[in-house]
Amino acid sequence: MLKTPSRKYRRSILFDLNKIVVYVSFIIFCIFVLLPIYWTLRSSLANVSDLHKTPLIYFPEVTFQNFQTLLDQVPFLDYTRNSIVFALGTTVLTLVVSFLAAYAFARIQFPGSGVLLWILVLSMALPEVGTIVPLYRLLSKANLLDSIRGLVLVLSSVLTPFTVWVLVSFIKQIPYEIEEAAIIDGASLPTILVRILLPITTPGLVTMGLINFINAWNNLLYPLSFSVTPSSKTLSVSITEVFAGYSPWGKPWELIMAVGITMMVPIIALILVSQRAIVRGLTGGAIK
Amino acid sequence: MADVMARSSASVVKRRSRLGIPSRFAMRRYVLFTLLVTPAFLLRLVTAAYPIIQTIRYSFTNFSLLKGTNEYVGLQNYVDITQNYGVKGALSFTILYVLASTVIELGVGLLIAQLLNANFRGRTFARTINLIPWAIPTIVAGYSFRWLLDDQFGLIPVWYQDLMGKNLIIFIDPILSRWAVILVHVWKDAPFMAVVFLAGMQGVPLDLYEAAKVDGASSWQRFRHITLPLIKPLVITMALFRIVWSLAGFDLVFGLTAGGPGVATSVLALQVFREGILFFKFGFASAISVILLLLVAFVGIVALVLFRRADVSY
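One line per chain: the protein sequences are A and B, in this order. FYI, our numbering numbers position 70 of the first sequence as 74, with every residue one higher than the one before it. FYI, our numbering numbers position 90 of the second sequence as 93, with every residue one higher than the one before it.
Mixed in with the good hints, there may be bad ones.
[Said to hold, decoys possible] To give a feel for the contact side, a few chain B residues facing chain A, derived at Cβ under 7 Å:
| id | residue |
| --- | --- |
| 1 | 36 |
| 2 | 50 |
| 3 | 148 |
| 4 | 161 |
| 5 | 251 |
| 6 | 292 |
FYI, nobody ran anything at the bench for these hints, they're computed from the structure. Being a predicted model, the structure only gives us computed values, none of them experimental. Cβ coordinates follow ideal geometry from the N, Cα and C atoms, glycine included.
Using the sequences and the hints given, assemble the complete structure.
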């Protein structure tokens, strides 16, 4: 009789200790993740002079002057538009190409089709930087150097293998009976793909669309290598150009951080609304 | 066209093809398959397979746009690499940095996954912000950390100065710069690993933990003897994936240190970009790419061997 309360007591202390460990780790984790984000945001919204003072000013007066300067001094709107077109174009092309291939791999199997899928997926490992020299010549011959279309083409190719891989597992989960019924009713392939499969696969397509959009929006290597003029340069190139400049204060950090925030905000917004969908896609290929 | 798929059952196709006569349905299946996968394979052939083969060919030439040369020179570029201070440095730092950051990321990733798997208020918030480092552009992360670590007005060096009374000047010190590159890489990639590990942990049956609890296993013992063995294949897979991707990575170093001071933090991918796109030395750049390809291939072979073993033991 006496033992029970004391055991319960010890248990509750242990329980609380666990809770404390969890919450302390949670706080450390938040600082770990958010500190650079805070630093970028704070620097992008501050006056230049406030950034070059010690002791540091943690919450300087908010001003949008840096963004105004960017609009005045670099073709910032062009860069932003190019980033959007590049990311959306890449997303759409990758999804279309991958959806068709994934359907074939998921539904038509014959000796060797598995090997083909493996070849496609393994080609993911080819280092992109190892292809830029020949691609540079290829694009210039095809008159696609310094054009968004060229960038879309090469990046879609990079993103296709992973997208196919994830979509194959999505499509395989769909019972074949649904298509079978449609086939018996005399539906044609385009009808089956668009009317039946597309609606069922939408969650998978949305997920892979988000991941591909993020990848394309963030891509630096291709625009940096293949874009020459503001007609095809993206925000990721623009941040390297702003960094290359000098101001009386040294590096123009307030402007670099302003471009940085412009690139971060859409991505963080996407994550806030679609965390679950993105995680499903990231783990969809790896786990199974 | 699609009706072929319903009508031709697998057994029919197999029997026919064993006889060496593809049935009409089987033929139509092949045609359909080819039509559907052609765009994907065409893209990969033209913008991945062909360029890689070209790169290997260029690596045996002195192809240079500025000098206007393009002749077969045998292994000259590879001989030059062994004498090139920058490329040799980049090769050793690439290997060091990829291995070091992957090992640290596995540890940090597991810790974060443990946290995200625990039950506490704010868990959804934690899981959401966990995606931020993975999702934001690497080049932006590079510049943000460079500014965060600025010796005069960066948050970390200023705090260090307040605590230790000493200056912390990172980017002129080779060792500190190397650590900076490794740790920022950890910041960027560990949360991604955590996402995958978390999914693995959620697949572990809860009654295993319950049973261990009843037997009096501590939370460390439960992690060590239940969680870890069960997600071990996942950990190995992720490690190999990240190694392959990081080997070819370029954005982070480009933004954070640009390879400096000197060539202390230069990586192979950065050297390829410099020699190829900035100096138009296509032949030499291609030889560096081939070194990179060989590294990736080596990791791939290691992966195959490891997976064979894993297959035997499970």
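Outcome of the hint check:
no.	hint	in the structure
1	36	holds, 5 Å
2	50	holds, 4 Å
3	148	holds, 6 Å
4	161	holds, 6 Å
5	251	holds, 3 Å
6	292	holds, 4 Å
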